[in-house]
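The lines below spell out each chain.
There are 2 protein chains.
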Amino acid sequence: MKIILNSILTATCCFLLTSCNTSQAPETLNTSEPSHPKLILTANGVNSIKSQLGKTPLFDKSLEETKAEVDAEIALGIDVPVPKDFSGGYTHERHKKNFLILQKAGVLFQILDDEKYAIYIRDMLMAYAKLYPTLPVHPQTRSYARGKLFWQCLNDSNWLVYTSQAYDCIYNWLSKEERDVLENDLFKPFADFISIENPQFFNRVHNHSTWGNVAVGMIALVMDDDSLLQRALYGIKNVNLDANMKDNDGGFINKDGKVGFFANLDEPFSPDGYYTEGPYYQRYAMYPFLIFAEALQNKKPELKIFQYKDSVLLKSVKTLINLSDADGDFFPINDAQKGMSYYSRELVTAVDIAYHFGGNDPQLLSIAQKQDRVVLDDSGMSVANDLQLNKAKPFVKSSIELRDGPNGDQGGIGILRNEPMELVFKYAAQGLSHGHYDKLSYSMYEDGNEVLQDYGLARFVNIEQKGGGNYLKENTTWAKQTIAHNTVVQNEASHFNGEYEIGSMYHSEGYLFDIGNRNLQVVSAKEKNAYPGTEMHRTMAMIKDSSLTKPFVLDIVKVTSNKPNQYDFPFYYLGQLMQTNFEYSAPKSLAPLGAANGYQHLYSEGKGISDGNNSTLNWLLNGKFYTLTTVTSQGDELHLARVGANDPNFNLRRDPALILRKKNSKDALFVSIIESHGTYSPVSELAINAYSNIKKLEVLFDDSYYTAVAIWTKDEHSKLFIISNTNNQKTQKHQISINGKEYQWTGPFTFQNIK
Amino acid sequence: MKIILNSILTATCCFLLTSCNTSQAPETLNTSEPSHPKLILTANGVNSIKSQLGKTPLFDKSLEETKAEVDAEIALGIDVPVPKDFSGGYTHERHKKNFLILQKAGVLFQILDDEKYAIYIRDMLMAYAKLYPTLPVHPQTRSYARGKLFWQCLNDSNWLVYTSQAYDCIYNWLSKEERDVLENDLFKPFADFISIENPQFFNRVHNHSTWGNVAVGMIALVMDDDSLLQRALYGIKNVNLDANMKDNDGGFINKDGKVGFFANLDEPFSPDGYYTEGPYYQRYAMYPFLIFAEALQNKKPELKIFQYKDSVLLKSVKTLINLSDADGDFFPINDAQKGMSYYSRELVTAVDIAYHFGGNDPQLLSIAQKQDRVVLDDSGMSVANDLQLNKAKPFVKSSIELRDGPNGDQGGIGILRNEPMELVFKYAAQGLSHGHYDKLSYSMYEDGNEVLQDYGLARFVNIEQKGGGNYLKENTTWAKQTIAHNTVVQNEASHFNGEYEIGSMYHSEGYLFDIGNRNLQVVSAKEKNAYPGTEMHRTMAMIKDSSLTKPFVLDIVKVTSNKPNQYDFPFYYLGQLMQTNFEYSAPKSLAPLGAANGYQHLYSEGKGISDGNNSTLNWLLNGKFYTLTTVTSQGDELHLARVGANDPNFNLRRDPALILRKKNSKDALFVSIIESHGTYSPVSELAINAYSNIKKLEVLFDDSYYTAVAIWTKDEHSKLFIISNTNNQKTQKHQISINGKEYQWTGPFTFQNIK
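Protein chains in written order, with UniProt numbering: chain A, 1 to 755; chain B, 1 to 755.
Any given hint might turn out to be false.
[Unchecked claim] Some, not all, of what chain A presents toward chain B, calculated at C-beta under 7 Å:
| id | residue |
| --- | --- |
| 1 | Ser341 |
| 2 | Val461 |
| 3 | Gly575 |
| 4 | Gln579 |
| 5 | Asn581 |
| 6 | Val683 |
[What the hints assert, rightly or not] No farther apart than 25 Å at their CA atoms in a straight line, the calculated lysine to aspartate or glutamate pairs in the DMTMM-like style are these:
| id | chain 1 | residue 1 | chain 2 | residue 2 |
| --- | --- | --- | --- | --- |
| 7 | B | Lys695 | A | Glu93 |
| 8 | B | Lys237 | B | Glu267 |
| 9 | B | Lys624 | A | Asp655 |
| 10 | A | Lys607 | B | Glu267 |
For the record, the hints were derived by calculation from the structure and aren't laboratory data. On a predicted model such as this, the values are computed, not experimentally measured, just so you know. Just so you know, even glycine gets a beta-carbon here, dropped at the ideal spot from N, CA and C.
Extracted from the complex, chain A is given alone in its bound form:
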């Protein structure tokens, strides 16, 4: 009964609020004393929130937590140190903490009407206004765009995005004189520094410049400075940057001249909401994208920012959730720190805003429920309210293809899911400066745990003792290199020779993505540019066959070239090796596997030569047994390898790999099955189904048109997977003869009994 009453009240409030908002005369810029707050919180929104306090448990809990955190900081006193350190160091972390707390204090002042929060903000901002004019650029010189408070303009921009919100919250409370000091000594020069004085940072399409654009845009909206707002939305005019200039990560500054917030929406987002840098950076950029969109929606509703580009911002939030494993951890595509997840503060904001401004999708509520906190504004209240009304529905992550490129025509990411397995296949574009050279690579998960891993980045973000918390040189020499990934390496060189300029020109091509049959899901793509003269075609199928308990992955990589090459094909399995079916010699001392392109970071722990039968590797991970079964030809080399060579600072993890090597081959076909088949418990000490169920894997047919792979299981089932290598039409009829038997089917592939 109480709930129903609440619901009616809420509905009435919402109606009243909406009426108020729309009946208000549109504000004119440069009005002398406009009503604040108006950026994220609004005067009406605050009243509505106040009226609902005590009725929405999740909002109340989040408010309580925020209050406790801010009160603790206020008790510690204000510290605005002279900038000195890299990330992880004291001054960096202090300034970072300051802006996070300032934003929260602003919200508390508005919601709780306690002046101590306004005083705290004013005093700290005044301290910044006193310090800022005295600052040279930051003493650390690593960045292509050094900031003043931080070692890079990126972090200065973070500061301004958050601090603008705090300023907005106490704007009316401050005197005109105080505002003048803050704007003239701090905010305006600050905004100019990260834009006009650093065009190589501001005038780009990159997550860095998204932060820069939004920082300038946010303070512009608070100060009602239209000229600054135009700069934020459309970039600095009349700046000519060298098209070949690069940043300190090796990325182009601005190759095609696109600039400003809208360009940062247009370019990196695909129509599917996939952000070309990958989910780790998409998460990072989500906060400025969505917080600024919320501000624009509040102040400039005529821009219809949430509808822009077919509602790409709203769509991208769900895309990002789909780019996470069963535990909510983002798949580490390109540079990405593992463990980052939809529990991050950026995603709390993103989910709340997407829910509130994106049509109240009840699936988003279940994510908010897991996050167990909301942002302290209208959108957070909306989420908390509807959770209280039990409107949440499970967020169902299904198999999905996410196209890359502004127009969705630059390859993509194919995710196959069949509980408990997840496969992430990458055939996307380069992904800007954070891209890895890993065309047609993949990773595989079970129950949210990596089984075959993508290494991720080589960096300990914000851990100062590891290279100032920044990218380590092993990120370039190892993590970005092709051999660090589960894909083909030709002649020990990375794709595009590891050259960003070349990689950025190309993308892989999706060939098919078919999830019509849950028990036979197939994704396939081609790459023709990674190695000139060589074409790679990879097909990955997630198959649930009645004779096996879990879905397995069938992996077919067809390589054709105009000359003989060496092909390396790694499997970055995680866990403890149990058994191989091939003999190998193990060295007494460990030497690197090669000299460059990532090979210098791999130790050779064993080398075997295939006798021409299938080669298998059986391993144990998290109480589960896995087996890789791969077709090998007589003379193929099998290298047991481990990451960690030439790593004097212990920046890399000592993870294992099996690398299959075919020497002096013009064409090559890699066919493998990866299978999760058994369990082990150290408590019961029972090993159940410790061995593979696959008896034999064989290529029955292979030419330029068709590839046919036979699978025999130990219980004597036999199946044949055939793919058409040239025709991906769903309606195309095929017929071929294999070992004297006719096979017929429609569409690009078939999986049927062997005749």
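Starting from the structure of chain A, add chain B where the hints point.
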């Protein structure tokens, strides 16, 4: 109300049962048709259980799970294969499954009165009775006591312990003729085989013979065979075994001639309930000890088995729980597979029996609650009932010293606990054939996770593809060796030269164990025999000082010798190295650190030379930062090492270590602090307190009488820890002068401000 009624009913039932039991005329052995079951289940107990079905949720749930499991096996049909495999292999696992299911089927027959379970048991036992007389010894030859169903008599004994219970449950239901077949063709020859035909297995003090004794004892009680029972309790008479004979693990068969079940109670258990082999094997032996005790209590109450040796069996259950970390995993002392815990089936039985027969300690109920199942007999019903009555209280694990040796005078294990830290210090006896050569070693835990690890065993128990699931040769060449542990190694040789004969003669001596002050807990012990002519004295303190957020460990090892030696002192930290404060050179290729005694399994990944200042190593594990600060002298070597050399089958984990080496020293003093001080989250990407709080650690004074260590923290606190090296009396007054200042205190140690 219902609960109260239940309680009264239960109390009444118990009273009636007790009356019945005690008023019953004692059964005479060899009665022609005695009442069965009478071993674990009893006729009266079964009636009581039946009357309580549906009223005790945990019992009902356990019954339901057992029924589902047994029904599924019955549906699969009976398979009694000809023995062939090692553990992990089919025939081994099948026979193991058979005995586990037989026991459960017996219980189900009794409780559910469904004849299908009796038929299943009879048919399977008849299949065994047909097979058994045809069997030679098992074809696998590794064991010193080969079984018939399994590769070792140990597993055959497991079979008989469980199967006796099944036989008891259907004894009355079978015809006399059927019983004759089973007893003459199966049980009697089976009991004779594991005893008379294998005296080297049966006549020992060892977990193996405990199983053997109990197997014979259990079937004796079912068959009312007093001569067999005497054999079980007191061993085979008139057998002379060579005192120097050893088993295939390298352990003595029987050095001092003690035999039988009572000897196995007398010898390995200390008065504190510590089992000299360590908790992993104690857990394994708990089942036969307690199940046979329950049977003896039922059939031979006059033996007062639970009161035997000051109730050592009941005490040992709590001891075992105290030997587990915060998650319930047993500390891996000696040979031990990590992950084994009080969730194992043996501990479910042990906890239920200890609760029922040991005075209903409500702390045991909380363990049973975590186990979430009970055994299906009177003791399990008793636990389920009292849980239902909310009688559970938390099991509080405090700091505890567990003495080793039959009389508690052979050293021991000291466990220091102060949330969230746990320290396990070992100064016990050799621990029979499963003992490691690791005098004065330790391991350290936080929140139930290893921080400084004990490696455990080198074995994948029951995983056939790893050496038949048995001990791997690396268990001898690595896991047992001293260098594999966190203790001192002299001249690259293991304690006692790694010779079991010598190690078994000695034990370390506890010097002090003082937990009177929770914030200053100290354990100290001496070892004089590991290296003749050398004496080691280690003192470990867990200190919670007001200037640090968590308790830290201060570790002082004083080595004195009659000649110069090389001393190695390893720290097996787990996690990712962040930073060292010392320079080191890292090799391009990895070579083993040594040639023998475990050194052949360590790679050298880096070597530094101390400049005479403290050496520090900072690392990250499970989102927590740790720092080791250790006093080093100029010229001391610092080796960064990793396990895994000379391990062609990948039987070892690639875990890291720091090894401090002092060359050519007669005496040596190792002083270190291990500190948990910070956190990191890959979601917030915040590194909090990433650096140590210790500024300096210094030996201010050291002679044969006193050692004084000064600790300066970064917030300028300074403290002094002084220990008396020769007088451990609590009442002794001490006074020494250090740097011209007088320090006075009472008792063997003090921790006070520096003057």
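To see whether the hints hold, each was checked on the structure:
no., hint, result
1, Ser341, "holds (6 Å)"
2, Val461, "holds (5 Å)"
3, Gly575, "violated (10 Å)"
4, Gln579, "holds (4 Å)"
5, Asn581, "violated (10 Å)"
6, Val683, "holds (5 Å)"
7, B:Lys695 to A:Glu93, "holds (22 Å)"
8, B:Lys237 to B:Glu267, "holds (19 Å)"
9, B:Lys624 to A:Asp655, "holds (21 Å)"
10, A:Lys607 to B:Glu267, "violated (50 Å)"
In this structure, the hints that do not hold are numbers 3, 5, 10, in rising order.
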